[in-house]
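As a plain string of letters, each chain reads:
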Amino acid sequence: MALKMVKGSIDRMFDKNLQDLVRGIRNHKEDEAKYISQCIDEIKQELKQDNIAVKANAVCKLTYLQMLGYDISWAAFNIIEVMSASKFTFKRVGYLAASQCFHEGTDVIMLTTNQIRKDLSSPNQYDTGVALTGLSCFVTPDLARDLANDIMTLMSHTKPYIRKKAVLIMYKVFLKYPESLRPAFPRLKEKLEDPDPGVQSAAVNVICELARRNPKNYLSLAPLFFKLMTSSTNNWVLIKIIKLFGALTPLEPRLGKKLIEPLTNLIHSTSAMSLLYECVNTVIAVLISLSSGMPNHSASIQLCVQKLRILIEDSDQNLKYLGLLAMSKILKTHPKSVQSHKDLILQCLDDKDESIRLRALDLLYGMVSKKNLMEIVKKLMIHVDKAEGTTYRDELLTKIIDICSQANYQYITNFEWYISILVELTRLEGTRHGHLIAAQMLDVAIRVKAIRKFAVSQMAMLLDNAHLIASNTQRNGICEVLYAAAWICGEFSEHLQEPHQTLEAMLRPKVTTLPGHIQAVYVQNMVKLYASILQQKEQSEEKEGAQEITQMMIDRLPQFVQSADLEVQERASCILQLIKYIQKLQTKEVPVAEEVIALFAGELNPVAPKAQKKVPVPEGLDLDAWINEPPSDSDSEDEKPKTIFHDEEQRHSKHRQPEIDEEELARRREARKQEQANNPFYIKSSPSPQKRYQDTPGVEHIPVVQIDLSVPLKVPGIPMSDQYVKLEEERRHKQKLEKDKKKKKQKKEKKGKHRRHNSLHTESDEDIAPAQQVDIITEEMPENALPSDEDDKDPNDPYKALDIDLDKPLADSEKLPVQRHRNAETPKSPEKEEIPVIEKKSKKPKKKEKKHKEKEREKEKKKEKGKDKKKSSKHKKKKHKKEKEEKSKDKKKSKKKKHPSEDEQVETIQNGTLDDEPLPPMSSYCLLAENSFIKMTYDIQGNLQKDSQVTVSVIFENKSGSFLKSMELNVLDSLNTKMARPEDASVHDGVPVPFQLPPGISNEAQFVFTVQSIIMAQKLKGTLSFIVKNDEGSTHEKLDFKLHFSCTSYLITTPCYSDAFAKLLESGELSMNSIKVDGISISFQHLLAKICFHHHFSVVERVDSCASMYSRSIQGHHVCLLVKKGENSVSVDGKCSDSTLLSNLLDEMRETLAKC
Amino acid sequence: MIKFFLMVNKQGQTRLSRYYEHVEINKRTILEADVIKTCLSRSKEQCSFIEYKDFKLIYRQYAALFIVVGINDTENEMAVYEFIHNFVEVLDMYFSRVSELDIMFNLDKVHIILDEMVLNGCIVETNKTRILAPLLILDKMAES
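Top to bottom, those sequences are chains A and B. Take the first sequence: its position 286, counting from 1, is numbered 286 in the numbering used here, and each next residue is one higher. Take the second sequence: its position 20, counting from 1, is numbered 20 in the numbering used here, and each next residue is one higher.
Hints may contain errors.
[Unchecked claim] The following label-pair restraints were derived from C-beta to C-beta distances:
1. B:Tyr62 <-> A:Asn27: 19 to 27 Å
2. A:Asp196 <-> B:Ile25: 54 to 62 Å
3. B:Glu45 <-> A:Asp1059: 37 to 45 Å
4. A:Ala980 <-> B:Ile25: 52 to 60 Å
5. B:Asp54 <-> A:Glu388: 40 to 48 Å
6. B:Ile25 <-> A:Thr270: 39 to 47 Å
7. A:Glu104 <-> B:Ala142: 29 to 37 Å
8. B:Gln11 <-> A:Pro186: 50 to 58 Å
9. B:Asn72 <-> A:Asp1059: 48 to 56 Å
10. A:Gly105 <-> B:Gln11: 29 to 37 Å
11. A:Ser37 <-> B:Arg97: 31 to 39 Å
12. A:Asn27 <-> B:Lys10: 18 to 26 Å
13. A:Tyr35 <-> B:Lys10: 21 to 29 Å
[Unchecked claim] Each computed SDA-like pair below joins lysine to any residue, with the alpha-carbon atoms no more than 25 Å apart:
14. B:Lys56 <-> A:Asn235
15. B:Lys44 <-> B:Lys109
16. A:Lys453 <-> A:Tyr392
17. B:Lys128 <-> A:Pro195
18. B:Lys27 <-> B:Phe55
19. A:Lys307 <-> B:Ile30
20. A:Lys399 <-> B:Asp139
21. B:Lys109 <-> A:Lys1063
22. B:Lys56 <-> A:Asp350
23. A:Lys227 <-> B:Thr126
24. A:Lys29 <-> B:Met1
25. A:Lys1063 <-> A:Arg1102
26. B:Lys44 <-> A:Lys29
27. A:Lys216 <-> B:Asn9
28. A:Lys159 <-> B:Arg15
FYI, nobody ran anything at the bench for these hints, they're computed from the structure. The C-beta atom is built at its ideal place from N, Cα and C for all residues, glycine as well.
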């Protein structure tokens, strides 16, 4: 028996294959882990054998175990052994195992290089294939570098099977070894037109993936893709191409115009839903990119929306989901077209699938109007009641609040209704969003004055029913609303019907079970209530009543004094003492109400979040200047108290600093008072700030119209929002009837077109007048606040958009791979050279876009001009006219631009401002030269396509009243830096500026320079020659300049991921240098923004006042910075592949920082 | 791009896994368990797309077996959904009425099929005969 068992186990040891293993695991369900560990032991034995077949079998089993979650990295070496087997069946097993478990960190991987190379060049196409497949999973930077060339040759293999795989693997190689992209790109491009559709599809896949990360380098391929799109019938390929176009159109709006037609054709013709969906998506992307200043494409939008409707109506849930997903994209730009399908989307809210409901909820946000808000919210409220899962219900709750509060409560016509909705929401069990509801209650009650009375009555009810809300600890989240309720009742206690009852509700012992911060608010607001009750009683001369209420406070407050929460305890004991004192006065029959009320006098107005920043700095106030003498070490500390306790310490101070006499101090004090008087935010000693509030016209001049409410205010019991819906309907109906009457009258008066226009207008929801003329109180701004919004939108600064927000996470579209890919082919086609221009434009504000388009048109015209120089002068005259027209348009536009900024300001005052902290506008353009005729400013940008080129953009501004023409720019080339001239020109010829300048106009031209070494800054002397033409005739003028190529101008802003950054630093190949600059006063964020903007860096990581930054030169030098801000200084540690470059860069940076 | 391709049965046992971006082995098990839990929690009336962390899951159920594909936002959800069916059809053709056991016992072959169809996270081949061509040649080699 025992012998049999031993024999059996030996048999199994040699025979157990994958099938046996799988079967074994199935038969050992109870002790699977034990069985597997036994198997692993066997496998270890098998791996020790020399027989490759046994080893392969073992590795095959290991692959299966790896899938089950067992680590097999210990067998890495054995896997390599099997990979190098000569027999294909074994080799395949080895590669499969490798592809499943090898990764960049596997150290034995470097042993495989030669084996893989051998397999790649094997005459057997399947050997090659399996090696390629495996490589795609575990290629490392080293492997990529070593094998890039082999794989590249395989891209031209005779067998399409290999070509296809090689093309796809190249993508991974590019990622791991970016330097390979340039050499491989021509071949990759070639494969787009490969006779084999599989290879073609592979190439499309790779380029799509590359272009997604960095679309602008692939714009030049657009015509080729366009051809493919119109000729290909393979849906998989079409989907990819169309997706690629979606990424390209934002960069090149002209492409979008071309795309609309073929895409709409596809939408009409295709039966594949996936393709339809992709087309619709791209059409949407195109329309978004075109939405700025294109004739309306309402037909295309209509088509998309229609098709999406079909998807949403489909019984297939997947199509429904996708339809809604795409719809939300349209919603952002064309809300009107989506709104017409409201019915359908509301229907989706009832769907069984939560993901579909959530999608539909997203859409709701954009479809509400004044007209339908109540109806939609009512529907959502029903869903809230029905919802099973808390997550979905919480989602609904936040959506309801989002929808109602959006755009400053724009769509709410009846705030009573909204308050009752909020109160209804408090009945939700177990929600996490109590604080959201509370915040809304506070916001509405504070900002909508007319609603306060109603709000207070509702909140009093909430406080009265607090036991319902706070009874269950599980419902903890919702008790947050009591915070709001208590505050509102306290602050606006004058509106309370029965303050006594509310006060009692707040003093219940149950309150002590609430969270501390809520109790604290309770305690504080009790006193407010108490004060107003006291006043009431004293006025009606109910002395007993007043004393009773005081007694109640004294009786009940101790329960809060005993609170474990420090805040509650402190407030309660403080207030208890106060009230005891009041009681004393009361027994002496001294009226106290006025004084107690005075504690809480004045109104708290909402303050705009930006208010503090907008306080203007008074003239002559230098915040950085020393208030006293510059610090003479330790003395400075003693000096501060001196200014306050002047008399006591006088002797003392004289003793130490005899030079400061009393006169001097008095003078200083006077000066400081003056400063304080000018500072609206300095709290002056008298009159008290709160009283001052009342005195200043600040509150009064806020236009609050108190209107008689048409709806009865007293609602017994807990309010039902539904009743408001009915009331609202009636009210609207009445309104409509009235309007109709008016309209009829108007109709009689007006005829034809007017009538139609009128009838259309009544349909829109703008006509619904709100039930209460509720003014939303503006958030307060300091008097004579700086109109910084206007500053933000300075129409004269077209580079505003270049401001970089450092805190914003990189959006997907912004994310670029660590290394920039460059096109290998760089023919001097005009199209290519335009690419950076276009890119730049897209960054500029939309307003400017039109202007630039005109410029572009002008440029094109010039090109045409160059082509047909022989054409008659008549033609020229025409052109001239056109230009004049354009000019006048430009002027009109610039006039127009000023007006909106004023309007906008008015708007922001109404709605409160919520913008982010503004960065000062920055311009990278610096002065090149200037005389009485012309001013030149310039900026230098590295060229992405070529590693030895930079583009110099020069803005020419005509300052004279004359016409400037025949401008020609010439520089003296140095050995290192040369200007790119037309092919037939000699080195001494200038480059013509491609435009003329009418008086007062400025325009930008770009010149390309080739640079050999970029590690040193360069200066080139040059001359601009031009002809000045005016009424008196024309003269020839010259202007000399020096073009300064700083090292910074060779850097290209390149985002870098932090892990790649860390690797770079670890590599130890970088040399180090550092600088330190003192006297820096600007904020760290601004400092970083400056470095990013002026020195073309990007922030990798920022922690407090320390940031790491990265940039890359056009020749591929890595530059890493560590910027640290001390109190008044900044230190910059740099690491760079080239030490000279680094020291030059740091010197330049020192100059920039010194200016800060 | 496809991030991973999984075949998991209702009991949560992985039958096939292929990652196109490296994921650590212990994280794989956690991910797989979580993914199947998410899929199982959904009814047949619900759509086959799940927003999961920073990517999307597309799944289809065949008897007790779930096929789940993780994709990033550059992939067309519907296309992947159709691709899963295409993959199953290929398996069906090769194994003639494929079952979970076929996949378990012939894991390496299923991998070959998958590798022919998806390479580097891209769908590269959907033609059934072309997908199966290398595998059939391999079978012939094994027989001889």
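- [ ] Enumerate the violated hints, using their earlier numbering and listing them in ascending order.
- [x] 2, 5, 9, 15, 16, 19, 20, 21, 24, 26, 27, 28
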